[in-house]
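Novice: So the protein sequences, as listed, match chains F and A. Count the first sequence with our numbering and you get residues 1 to 252, in order. Count the second sequence with our numbering and you get residues 1 to 316, in order.
Be careful, since some hints might not be right.
[To be verified] These stretches of chain F come out as covered by chain A in the derived footprint (C-beta under 8 Å, 3 or more residues):
{"no.": "1", "segment": "5-15"}
{"no.": "2", "segment": "81-90"}
{"no.": "3", "segment": "94-101"}
Calculated directly from the structure, the hints in this document are not laboratory data. A virtual CB, placed ideally from N, CA and C, is assigned to each residue, including glycine.
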Amino acid sequence: MNPVIRLIIRDLRATVDKALLTVQLAFPLLLLFVSGFAYSKLIQPFEVQGRLIPYPAFLAAGAIILSIMFGSILAGSLVWVDRRLNMFQQILVGPFTRGQYILSKVISSTLVGLGGAVIISIVALPILRGVHITLTSPFIIIGTVCLSAFLMGSMAIVISTFVTSEQVFNALVNLIVFILMFASSIYYPAQDAPSILRFIFLINPLTYSVDLLRFGLFGMWTSYLPYEALLLATEGGIIFFIAVMRFRNISI
Amino acid sequence: MNPIQVSDLLFSYGDRVAVNNVSFEVKKGEVFGFLGPNGAGKSTTIKILTTLLAPKHGEVYVLGYKLPEEGKEVRKRIGVVLQEASYEYSLNVEDSLDVYGLIWDIPRKERRKKINTLLAEFDLEEYRHTHIHDLSIGMKRRVQVAREFMHDMDLLFLDEPTVGMDVIVRRRTLDTIKELASKGLTVFFTTHILEEADYICDRIAVINKGKIVAIDRSKNLKELFGGIRTVDIRVDPDDLGFVLAEMRKLDSLSVNVDGDIPGRIQIATDKPLKTFQIITQTFEALNIKPISVSLEEPSLEQVFMNLVDKENRVVR
Ligand SMILES: Nc1ncnc2c1ncn2[C@@H]1O[C@H](COP(=O)(O)OP(=O)(O)OP(=O)(O)O)[C@@H](O)[C@H]1O
Ligand SMILES: [Mg+2]
């Protein structure tokens, strides 16, 4: 069996904290139901290609991406679990390369993120109105979800190599999540953002993820989309590369 | 080429030199002991040999592969029990062994078999379903050592493997290692417990402040650095007075009488052969036959204290 697959099975069997996973679904669910319905009193459904999309459905795409983000952040915390229990060193003296170790963490987190996305999607099914599935949309949806999970997971791992304590890691991740979340198109489209914020919107990978997912789900086209897809893939690749580089020299 | 071949190895953490120009080799099927006080550089050396750290200077070959370049090949063929406790948080003993076997790509059937053997060998059967974090420290250590035998290897590194183990399990662990070594496994072993090194190691290197201060068979080390040895003589208590009177005439002997055991004389000497000769002559002159005359082995502890203490005093 491939070494990366072996490490992923280990993660899923031994490292991933099932209780934590459940808790991490809480926020996206909250967004989906509480915020969605509260705001839908204020925000009118809008029209895309003649179809009416209610605000809760619009937010649902954000909730799916959020669940991926929370799942993916697990990757960084998995590295911490391994470090705290010294399994990190133990695995690094085993039949693996450091690159394989990181890749396994990123894929484990991608899987967890995808699992979250599937759950949120199923829960959101009743409110996902105005969905318009074409021949290409499954590819767009799956591609977006996987790429986002990959990018977020890599990012969490990069952060985990910069900080020396688990508490700092958690605090830092919370801060970054907060910034990414609000300065993204989860709540409203990027074009409508105030001009100062728009810049942050446009470098924020969450924006690309959410926009691409909305395109996949509702056919919401903006002229940014091709660039966003390109940026998402490039940023993911770059961040993964940084993760690998950081990991090569990480102190034991 | 020897399984481990190290020349002029140097490693420092920032400014602190942890391993200072060390050279040694470990032969196939040998149990090689690395002995030294806290902070001597034992674990650092193991971390270099197991590819966790890259040497700053010097040549290191493990199983014929050059480090750090060919670390990947080395890691496939070694077993490592690190000094720090390491375990899977959420697993019980059985699953922990199983997951470890899995990451080493051991087929499921073989894992089942190995788990049963190891649980018996390390006396863990009754803890099979206990979560690791509910085990005592010594138990955790047992699991960690047992776990390493889930896979085959050519070279095994053990960094203070028996810490926290009770006497029986410690002995059994050492015997397991000895047996594997007799079948061709090469073992690199560190410990603070000198009798343990004496019991299991074919050769011992004593390391202090990052430098190897002695390296030899444990028997030779004792002869070389054991220092003063003791000749133990038993005579009939009725003859004791005559023998003592005669011996005390000789300035070259430092004679001690054991007050607890009647008829026991102890002579400290740094020239045991010469002393033997003098004693024999004395008995012949008196026409008395001793009950026994024997030379006491110095302990490895004496060797260790001699080597390390002297050095530390010189350095300070
Ligand atoms: N991660 C580290 N960063 C900085 N210095 C370190 C680090 N690890 C070890 N050292 C230093 O390197 C030296 C050698 O340490 P090492 O752990 O190799 O000793 P040791 O012989 O294994 O000791 P012990 O018997 O206590 O395990 C010590 O002076 C120690 O303080
Ligand atoms: Mg040590």
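Novice: Any hints this thing doesn't respect? Which numbers, in order?
Specialist: No numbers; nothing is violated.
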